[in-house]
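K.L.:
Protein chains in written order, with my numbering: chain A, 672 to 1051; chain B, 672 to 1051.
Treat the hints as calculated values from the structure; they're not laboratory data. Every value quoted in this text rests on a predicted model; they were computed, and no experiment measured them. Be careful, since some hints might not be right.
[Claimed, not checked] So the derived list for chain A, only partly shown, Cβ under 10 Å to chain B, looks like this: (1) 784; (2) 787; (3) 790; (4) 984.
[Unchecked claim] Sample of chain B residues lacking proximity to chain A, with all beta carbon distances greater than 10 Å (derived): (5) 681; (6) 744; (7) 987; (8) 988; (9) 995.
The beta-carbon is built from N, C-alpha and C at its ideal position, and this holds for glycine as well.
2 protein chains.
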Amino acid sequence: MMLPAAIELDLPITVLATDPSESAARVAHDVRLGRHDDADAVRALAATCEVLTFDHEHVPPAILEGIVAEGLAHVRPGPHALVHAQDKLVMRRRLTALGHPCPRWSEAADPAALATALGELGGRAVVKTPRGGYDGHGVRVVSDAAEVADWWGTGGPLLVEELVPFTRELSAQVARRPGGEAVAYPVVQSVQRDGVCFEVVAPAPDLEPGRARAIQELALAIAADLDVVGMLAVELFETADGTVLVNELAMRPHNTGHWSMDGAVTGQFEQHLRAVRDLPLGDVTPLAPWAVMVNLLGGTREDLAAGAAEAMALDPGITVHLYGKGVRPGRKVGHVTVIGADREDLLRRAHRAERTIIEGGIQDRNDGVDGSGSGTDGRA
Amino acid sequence: MMLPAAIELDLPITVLATDPSESAARVAHDVRLGRHDDADAVRALAATCEVLTFDHEHVPPAILEGIVAEGLAHVRPGPHALVHAQDKLVMRRRLTALGHPCPRWSEAADPAALATALGELGGRAVVKTPRGGYDGHGVRVVSDAAEVADWWGTGGPLLVEELVPFTRELSAQVARRPGGEAVAYPVVQSVQRDGVCFEVVAPAPDLEPGRARAIQELALAIAADLDVVGMLAVELFETADGTVLVNELAMRPHNTGHWSMDGAVTGQFEQHLRAVRDLPLGDVTPLAPWAVMVNLLGGTREDLAAGAAEAMALDPGITVHLYGKGVRPGRKVGHVTVIGADREDLLRRAHRAERTIIEGGIQDRNDGVDGSGSGTDGRA
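Starting from the given sequences, assemble the full structure and let the hints guide the process.
P.N.:
Shown next as structure tokens:
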């Protein structure tokens, strides 16, 4: 999704892809085949580029450190920043040292230490592999050390975190240039399903402006403290008293920011490109009072194009994004966004579009969504 | 500019380009090299595609008719429609037969006929070569037949049109599917400079709603009458009494519709793709009360990227599009768009951005544009 923004700004991009069937490799003009964890492949790419950036966090730090040391390319975010999105234990240590709010946590180097940590955290806690997790992988809620017996011996201690009694999840996205210029998008509310982001409402409903501003400032402070360049997403737990705790960090355009592609003056992919190319950052003002983004998670239907056509026919006001990926159950294969003034109506329309695309056969033109919010002015 | 929309909708596109340095060829994943007037090249492309469509009107009708006759691909718009955007004389004959409003016109097969036509039109008129003109090429205002002496013998009669005393130019864009479903974008006002579109304001200021609706209906009627599939732009002259006359037709995303990329729920490039792929059409509602688009016409400055960075720094709220073309004086090399509520402020900002990119060195942070309209909320 960086490519459309790059095309509009005439910023040439070369994609490193493991396989020519990957989404980006199917649409980019310049594609190099190679693995992101193959030092030679990443170094060869870097040697042809001014700036190296990422759409995931899985490039090994040592490869990036070597590229920086040799001055092959600017690496943005730099490995010294990126490690905080790659290693949750490094992130917890650093945020705690900086005084940023985290759940109670500890590290456990062996089953006995984990049993002790579980006891200290109320007998039940979240255990995470510090590296390699995403979308719920590498995260388990356990009450007995034996439940992660298979995770030992994979390198280093595990992270143990309190089970936060959160009332909802929020996400704060900021963009930061090398010189420190930064902008904060509105704080959004995200809903997970089976550990995967499913629905985002921007801005977060019922978030008092002072608290929203404090959360933006927290995200800006983390970006500055860690010297992030590019987009940073700070995923947060909000608790009953309104305080927030940092859950995870992502240093790239993030699922919780997809709404901005259609709902803000400057979308997150253009913003990331501006930041890593050290261009002035763009306006983050929303284009409507509310934006709702719902992920398309693969179901049983293979033909997403047919589903998209059905959803477009039901509601001309939704914006459909399809990633060109094969459908597998639960896999993120696209998203839909709808913006407007009536949040409840937007939620209903976005979820109806999602179900229509994934499942098909939704016949609810008369379900109360009467099209009055879909802007059919001028329609013949 | 169709490619970003195609990527988001997962619609694979193959570009036919004469030279690998052409804008689309530089960014598309699938590029075939060949001329648009080489029957073999166009036919070979068509044989690989479901739908053949265009970003200009210069593919010879005979090539397209052959493709349709053999069923190699859907050609959208079809050659029977497209000819009205390719041949201004065919267009005038047809629109006049249909009763759609045109300037007074006649055709002149030789200098004597042209002299007669000039006399009938007040001694001074617009003479056009029916085919091959664009951006002011093939159009001359003459008072003596000798002024187009070089145009005879290039095939067929010339078109002679009255010099319309228009007060401004308007443009009405519609999209139409093969089955007839159609939508009309808001009517816009366009300003030409040296025969080239330079500034567009959407919607057209001071256009009474009833007149705007009548113009949309005229454009929808032309699309239906000519069986257009895809985007149709109807360029119009508005005269002192508020009536309109059709100037020219374009059957593709058009410069007067670029504002919709950033200023409407569905931009014209996505809309064109939806129409030609026979997908349901998207919502054309504007995202703000006003959108202003200003073209970047090449000046003396070669380094547009540096200019864009300056313009972005002056105004984070503008959206910059660069086409990746070499700079030549007067050549369209990009455009900027800005949307919001204060039309005069948007015009000032868009033109300041244009001058900054093309000329550089604009130092007018204190020229009255105080940033209050540029939405810096959330900026650190």
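K.L.:
Decide, hint by hint, whether the structure agrees.
P.N.:
Do the hints match the structure? See the list:
1. 784: violated, 40 Å
2. 787: This hint is violated: residue 787 of chain A lies away from chain B, its Cβ roughly 42 Å from the closest one there, beyond 10 Å.
3. 790: violated, 42 Å
4. 984: Holds. Min distance 4 Å.
5. 681: violated, 4 Å
6. 744: About 18 Å separates residue 744 of chain B from the closest Cβ of chain A, which puts it past 10 Å; holds.
7. 987: violated, 4 Å
8. 988: Contrary to the label, residue 988 of chain B does not stay out of reach of chain A, its closest Cβ about 4 Å off (not over 10 Å).
9. 995: Non-interface label on residue 995 of chain B violated, nearest chain A Cβ at 4 Å vs cutoff 10 Å.
Comparing the model with each numbered hint stated earlier shows that hints 1, 2, 3, 5, 7, 8, 9 do not hold.
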